[in-house]
Structure formats: structure tokens, C-alpha cells
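> Order-wise, the sequence lines are chains A, B and C. Positions 2 to 102 (the numbering used here) are the ones given, in order, by the first sequence. Positions 3 to 469 (the numbering used here) are the ones given, in order, by the second sequence. Positions 2 to 524 (the numbering used here) are the ones given, in order, by the third sequence.
Among the clues, some could well be false.
Per label pair, the in silico range of CB-to-CB distance [stated by the list, open to error]:
id, chain 1, residue 1, chain 2, residue 2, range
1, B, P220, C, L7, 47 to 55 Å
2, B, L283, A, I61, 45 to 53 Å
3, B, P199, A, A72, 30 to 38 Å
4, C, P65, B, F37, 41 to 49 Å
5, C, L7, B, P427, 35 to 43 Å
6, B, D31, C, M61, 48 to 56 Å
7, B, F37, A, Q86, 27 to 35 Å
8, B, T438, C, T438, 51 to 59 Å
Facing chain C, a subset of chain B residues (Cβ under 10 Å, in silico) [unchecked claim]:
id, residue
9, G376
10, I377
11, V403
12, V413
13, I420
14, V421
15, C457
16, K467
These aren't lab readings, by the way, just hints derived from the structure by calculation. Note that the coordinates shown come from a computational prediction; the quantities given were computed from them, not determined experimentally. Cβ coordinates follow ideal geometry from the N, Cα and C atoms, glycine included.
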Amino acid sequence: MLPAEQALILAAILFVTGVIGVIVRRNLIFVLMSVEIMFNAAGLAFVAGSALHGQPDGQIFFIFILPVAAAEVAIGLALAVLVFQKYRTLDLWTIARSREE
Amino acid sequence: MSQLATLAPDIIMAFGGTLVLLLGTRRSDKAVNDFLRWLSVIIIGGAALALAYTRPNSLPAAEGWIISSSINIVFGVIFLAILAWTVLAAKAPEHAAGEWHALLIYAGNGMLILARSGSLAALFLGIEILSLSLYVLISFFCHRGMALRGGTMYLVLAAFASAFLVFGLALVYASFGTLDLAELAQRVSSKGLFHAPMAMLGFGLFIVGVGFKLAAVPFHMWAADVYEASPGPVAGLIASASKGAVIAAFIPFLFLVNTHGDILWLISAASMIVGNLMGLLELRVKRILAYSSIAHIGYILVGYLAGYNGVGITGVGAMIFYVVAYALAIAGAFTALSFIERDHELGVRDLRGVARVSPALAFCILVFIISLAGIPPAIGFFGKLYLFSAGVSAGYIWLPVLGLLGSAIGVYYYLRIIVNLYMTPGENPNLKISYTPLQISIIIATAAAIVFFGCFPQTMITALKLF
Amino acid sequence: MTLLTLIVLAPLIGALVAGLAVRTGPASARWAALAATGADLLLAFILMFFVRESPVATSMPWIPAIGAAFHLEADGLSAVLVLLTTMLGVVAVLISWNEITRKVHAYHVWLLLLQVGILLVFLARDIVLFYFGWELMLIPMFFLIGVWGHEDKLYSAIKFFLFTFTGSIFMLVALLYVYFQHARQYGMYSFEIANLLKTSLTETEQWWVFLGLFIGFAVKVPLFPLHTWLPDAHTQAPTAGSLILAGLLLKTGVYGLMRIAMPLAPAGATAFAPMVITLAVAGIFYGALVAFSQRDFKRLVAYSSISHLGFVVLGLFIGNAAGWQGATLQMVNHGLATGGLFLIAGILQQRAHTRNFDMYGGLWRHAPTMGAFLLFFAMASLGIPGTGNFIGELYVIGGAFQFKWWLGVITAFGILFAAAYSLRVFIATMHGPESPTIKHMNDTTWVENLAMGILVAGLIVVGFVPRVVTAPLFYPPDTMVPRDGREPATIAAIRPGQIVIPSLPLISAEPPPASFSTPEVRK
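With the sequences and hints as input, model every part of the structure.
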């Protein structure tokens, strides 16, 4: 059995990866992907915690994280479609710099 | 069965919201619009009634995820009231009234869960439901101005912060092994946090996430752009109820003041100073209000640091009072400003001439601004007095002093709004102000309430203690 | 008793009536305001009679949650100032009758709300209520200057607001500190002044508390060097605005010092007295000198206010009976005399559309009534016998002599400087070559004459019967003497032996000694 601490370390690595992804990436889709990674890292951490304490609560929390993250991404993708229609680009830095028309 | 009674408000809101959503797909014209608006108000009212009749300290529902002690019920009623206010005062889009009202109700649902959360899971759920609804509401009028940009920015940053928040909660869970807030508080106070670095880190990340939601310094950069991009009433809702809901959910974590108190102190002080200073540079009204909002969060955090200490009004009591006082003023201000039609972002120059075209509206805006600035006879004066008194009696001398100095600095940009509203001749001959009779009566009633409770604050305090 | 509540409510009701009657013509607003202020004046006179026997008080619980009560109380000092307030209120409405022609309703609403704030300040005996009234004065004055003011109104209005608001923050911090100390010592949360007076503060604490309170009040007085908002605000305000500003708002600062700062922190007052006296004397001369050099009529009078208020603060902080009485007298006199000067300034500006002395001259021939009034007010301003200013200055200088002989000498020279600018005002306007601008100026109308006549009458009454002002200082006997805790709170009580005549606390039971007091003080 994998010790739960190692799962936590993996979760931390995933989380940091996600953070770096959000900060570095310019494309909206990739940013959403990185956020998803962060959420899943948290979920993994919850499962690990659940294993540490022998309780099912963490796993239940993970089941809650999944649809929430999915809904978030769904809305994010819908906005991405609209953004692309309007700005013709998904580059976040360009969009952030755009003045009002 | 009693669990159902405790969950009744949430059930009403969730199903009601879906009902409104489904009904809205049939037709969209003015009659349907009005019908949906009143239906939404009835749903919210029903939820509020169900909430108000929940006996305090009745059984928690859903394995303790939703608790209903008096403070939770008070917060729940406050947020539902603000939501109903927003529903009535906002101008719903004609083509998508169903979605608009449904989203507002779902946002209210999120706020309700936050107000009555008894577990980390409920906390997360509430924040997410609220945020998801807000993402769409902000970018609702996607063809207008910067709405889409604001919505996207808010989505990216808020999702980022939520992820921080939930990862922090995961670390806390891994340390302490419980999701229940009461249990958590007990385990933290018995074991102490300093022996659990993972939990310290977890709570730190949690504070980062919460700080973002509240737009406290240094997580405040999104506030100005997003507030400006949102439709007026939605900005009012974000500034008042959504922040209030996060505060309500944050209250059970008061034990953090012992360990992370310094960080919270810094966040509060920085918000008060930076928020007020940056507002001085702004010339667009909604951005000014956004920065003032940042400063107000600083003030509220003073009350948070005071916790349950305090004079006749505790820090927590002062926070509840301030949430109400602030909500009246900021929601009113944003909504009143949205009545002024313009094709570019509202600058202070655009306020000129409003007093001549619509004196009632201008006077209401004046009352809102006075309340935000904390000047009698508006209720904001007593709100600040209570917050800072609670802070001083809990032993924080410098923080309230900083807060008062910050307000003195901030008065300048409030004056700028008033000066442009009343004391400079209008430049724009095409100034057009549009509102329905319902909207203006709500605004006037809000202004009257601000003055009334500003002269007789005890009535509000007693009412809040009723629950 | 409900008399006090009525006094505070009368302008409020007037404001409501004036505000709601927007659809009817401007005359309705003016008459409503006149009725409200007139009724208030009547009530103030009634109050003066009642106050002789015992303090008139009204107390209702207001915010029990923090211990704030709606406690209004009038002793002699408050009653005199309330009378001054209501009198100047009537004069303000009268003088605005023909001057304000646009947004008349809003104007009177703000004017009456300002009155409510001022009355609350003078009558409140509860710190929250006091602060409520204090801040309540800000927005109406801001609007009066900013909407109906003259060419530089926005700058002056904002400067006034920011200065006063920032100053009052320091005051609030000091007051909250005393509040919490009291709570810690007595276990009871109360904002009542009488209760807070019982708090025992160490000397250092009293220094800090006094400093905070002092900054808040000194901005309002204004004491050199916190005076820079005053010339602009006075010059740019409409006539009634200048009148209320000079006549009443400045007195709220002095009143705060008398009622709150000095009793709460007497050790602080003693420690800071030398510095304050220096600032006051500096203000006297600075104000007079700068006034003399002004080209602008109203600005000259504004700087003269700084000079006069220097006398008042000097009188307060020399800590003897003569000083207190002189300060109170000067408060009333300055309100009347400088008010009169502002009235004339407003009348002149309305007709000539300029305040520049170079544009005036030779008015005596064309407008003798105005000239007579201006002569009277100018002479009053420099302290001619027959006006109240003479008595007031005599008290202050006498008190200064008793305190330190050289201080008396210096103060006496201040009068010389006052004479300089007062004469300049008169001569530059009335004598000299006729200026084409005002050659065809109309003389004063009967409304303006009435307004100025009220002020003249007041000055003459105080000049010949100063007892009217000084005697109420000792009404009613035995009020508010702290039964336990702190000694009667004045400076002199802390420094025995340095004062020649026995000092007189504001709240004493004994009448003043024969010298330097009005003959036959009753009761």
C-alpha cells in the first residue's frame, strides 16, 4: 500500500505544477486546464488525508470537488467561446490589456 | 424529518431557481419578465420564511453540514433580503430573464449554504455555487463593454483562488482528520496549531483564498476591473452579499486569530490604507467604489480580529451590523449609478447634470455616498463606530487609528463624487436616466432606511438580535 | 423636559417642510425657514429663563447597546450659546432672502440642518450625540459653500471638509480611549460626559487625550497654525454661510475645549497651556497683520476672525475667572460683530459683484445706512466702549495681566492691531474717492436693515449689560460638580498659588469675587 504521505507529496507537486501553469500560460484553455490540475491535486490530498485518518470524509469531499471543477470548466469554456468570438484570440494577456472599445 | 425542515430554504431556492429557469424558456417579453421577477421574489421570500422559522440550534442537517444557530439564521436572512432587493431593483435582460433570475437565485443558494455552513465541505460547496453563478452574471451582457473581459478575468482568478482555498482545506483535513467545523475548532484548540506545520500551511492557503474572495490587499487587483465590468446590481451583490457570505463562513475560523493573527492584521491594515489611497487616483465611479470596497473589507476585518470580545456590541456583532449597513449603501450606490445611461464607462464627469435631471436619484446617491464615508446621519457612521470600538476594546489600538486615518483619506474621493454630482454644471446634453417606478422607489426606500437607521441604530441592533 | 427636544427639532421640521414644498415657489421655503428659526429663537429665550433655577435636561435611552443616551442638557453656558445660535439663524434666513435665488429650497434645507447639528453640539451631554452633531455640521456647510459659494467655492469647500474631518478623527480616538478606560475602571459602558469625567487618568494619559481632543477642536476654532482652511471657506461662502461659519461653527470648537477637552484632561490642559497661549497670541497678531494687508473685504474679515478667536482661546487657557468670562463674552461678541461685517460684505458683493477694496470707495454719500452699520460693526470689532467687545477684551486683558503681567501688555497691543484693520475696512469702503463701480449702488433694504439691526441690538445689550452673558456662566449653581473622583476641573485647580484671585471652575458653586466680575451676580 502506498503510504498516504507520499500521496500528499504527489498532491503538492501537482498543485505547484498547476500554479505554475496558471501563472505562465497565456492561453485561456491552458489556464483552465492548470486550474483543473490544481483542483485535482486538492482532491488527491483529500483522499490521502482520508486514508491517513481512516475516514471516508475526504473521499466524499473529492466526489464533490469533481462536479464543481467540471462545472467551473464548463462555464470557462463557454466564456472562452464568447471571448474568441469577440477578441479573435484566447491570449489572456492581450485580453487583459484591451481597452474598452 | 427535522433535517428536511433545516434544509427547506436550500431546497426551496434550488428547486425554485430551476423552476424559474424552465419557465423562462417559453417566451421572453415584458410580461414574462415581470412575472419571473415576482416569482423569484416569492421564492426568495419563501426561503427566508422557512429560514426564519427554523428554530435556532435545531438539529444540524446533512450530517452537520448545515447548522442553524442564531448567527447563521441572521446571516441567511440578511443575504436573502439583499438578494430580493437585487432582483427587484435590477433591470433584467429581456431576452434571457429566466436565466438571469435563476442565476441570482442560485447565487443566493450559495450564500445561504455559506451562511449556515457547518463543515468544510459545505463551505466549499457554498463558495463554488456562489462563484459559478457570479461568473455568468458578470459576463451576462456579453456584448456590452468590458463585461466579457471582466467575467473571464474573474473566472480565471477566482478559480485560481478557489483552488488555493480547497487545497488549503485538504491540508487541514489531512492534519486533523475532520471536516466538521466545530470538531475542527476543538481539535485545533486542544492540539494547538504550532505543532502541525501542514495545518499552518493549510490555513495560510485558506486565508489566501478567502482574502481573494474578499478582495483584501494584496489579493485585490481584480476588484476594480471586475466591478466596473459587471452590471450595476450584480456589482452591488458581489460587494455586499457575496463578500458578506464569505465573512459569515469565515467567522467559525476565529481561532485563526491566535495563530495567523499577524497576517490578518497586516491584511486589514493594508486594505484600509491601500484601498483608500488607490481610490484617490481613480476617475471612474465604479472603480472608486471598488477601491472603497477594498477599504471597507479592511474595516470589517478589524471587527473580525476583535472576535467575540467587545463592548455591548462584540466584534462579530459589529460585523453583522456593518454587513447590513454596507450592503444598503453599496448595493444602492451601484444600482443607482446603473440608471445613468452611457455608452462608455461611467466617469465622474458623467455625473454632472444628474442633479438637475433627476434630483431624487442624485439625493439618494448622496445619501449612499455619505453612508459609505461614515458621516452622520447615515448608518455607516455607526457601523464604523461599532467596528472600531470593538477593535479598541479587544486591544487593537493602532488598527482602528489606521482605519480612521484611512477613512479620512478616503473621504476625498467620496467628495469628488459629490462635487461632480451637485456642484459642477452639466456638460452632457444627452444625459439620459432611465428607471422604472419600482426601481426608483426601492432606491428611495433604501436611502430612507439608511437615514432612519442612522438616527436610530438601536432598532437595527434589536432586530438583528431577534434571531 | 421636552423644551430642549423642541429646540433641536424645530429646524429639522422646518427643513422637512422646506424640502417637501419643492413644487411651490421659493417664498414657501423662505417663510418656512423663517418660521422655524423664529420659533427656535423664542424657545431659546424661554430656555434662558428656565435655566436660572436648574439645568434643563432631557434624557432618553438611544443606543443602550453601547451606552449612548440621547441626553440633552442646558446649563448657563449652553443656553447662552443656544440663544446666539438661534439668533444668528434668524439673521441668516433674513439676509438670504434676496441673495439666494437658485435652488432656494435646497439652500434652506441645508441651512436648517446645519442649525440642528450646531444645536446638538451645544446641548449634548453624551459623547456619541456630541460627535453625531459635530459631524452632522459638515455636509450642510460643505453644500452651502460648494453650491452657492463664489468663484473658488469647490476648493474652499473641500479644504474645509477635509481639515475638519481629519481633525475630528483625532478627537474621536481620544474620546474612545477615555470611554474604554472608564469601562475598565467602573465596569459600566457609558458615553455620558458626567460619567466619563469620573474616569481617573494618569498624567501621561491626560496629555495624550488632551492632545487628541485639542487637535480636533483647534482645527475648528481655528487656532494658528491650523487655520488655513478658514480664509478660503469664509471668503467663498455665501453670506449666510459666512455668518454661520464665523458666528457659530468656530464657537463649537471653543465650546468643545471648554466642555470636553479641559474637564476631561485638566493635567493635559495645564501642561499644554503655555504652548496654546503662545499659539493664541501668535494668532492674534498674525491674523491682525494679515487682515490689514488684504485687498479682499471678506478675506480681511476672515483673518480678523482668527485674531479675535486668538483672544478667546487666550482667555480660556490663562485659567482664571476673568479669562473664562472674557472668553465667553468674546465668543458672543465675535459672533455678532464679525457676523455683521460679513453681512455688509455680502451686501456689497451682491451689489458690486466684487469684494476688492480697490473697487470700493466713497460709499458714505450714496448709502448712508450701510455706512452707519459698517461704522458700528467696525468699531465693535476693535472694541469700542458701548459694544460688548470692549467688556470682553477688558476681561481677557485683565485676566492676562493677572496671569503674567507681560502677557497682559502683549495682549493689549493686539487691540491696537485690531484697530488698524477695522479702520481700514471702514475707510477703504466708505471714504476716499468715489469708485465708479458703486456709484449707483442702492442703499440697504429694510430686510437687510432688520438683520443687521438684530446684531447691533445684541452688541449694545451685551456692551451695557454684560451680565446677560457672564451671569449665565454661573447658572445653575452646583451643577455637574463631580461628587467623587476628579477635582473640579480647571487649570487653576491644578496649579494652586500661581493665580492671584481664586480661580473659578466652570462648574463651581461659588459666585466670582467682586473684582473682574459683573456687579451683583445673582444666585
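> Tell me, which hint numbers fail for this structure?
No hint contradicted; all consistent.
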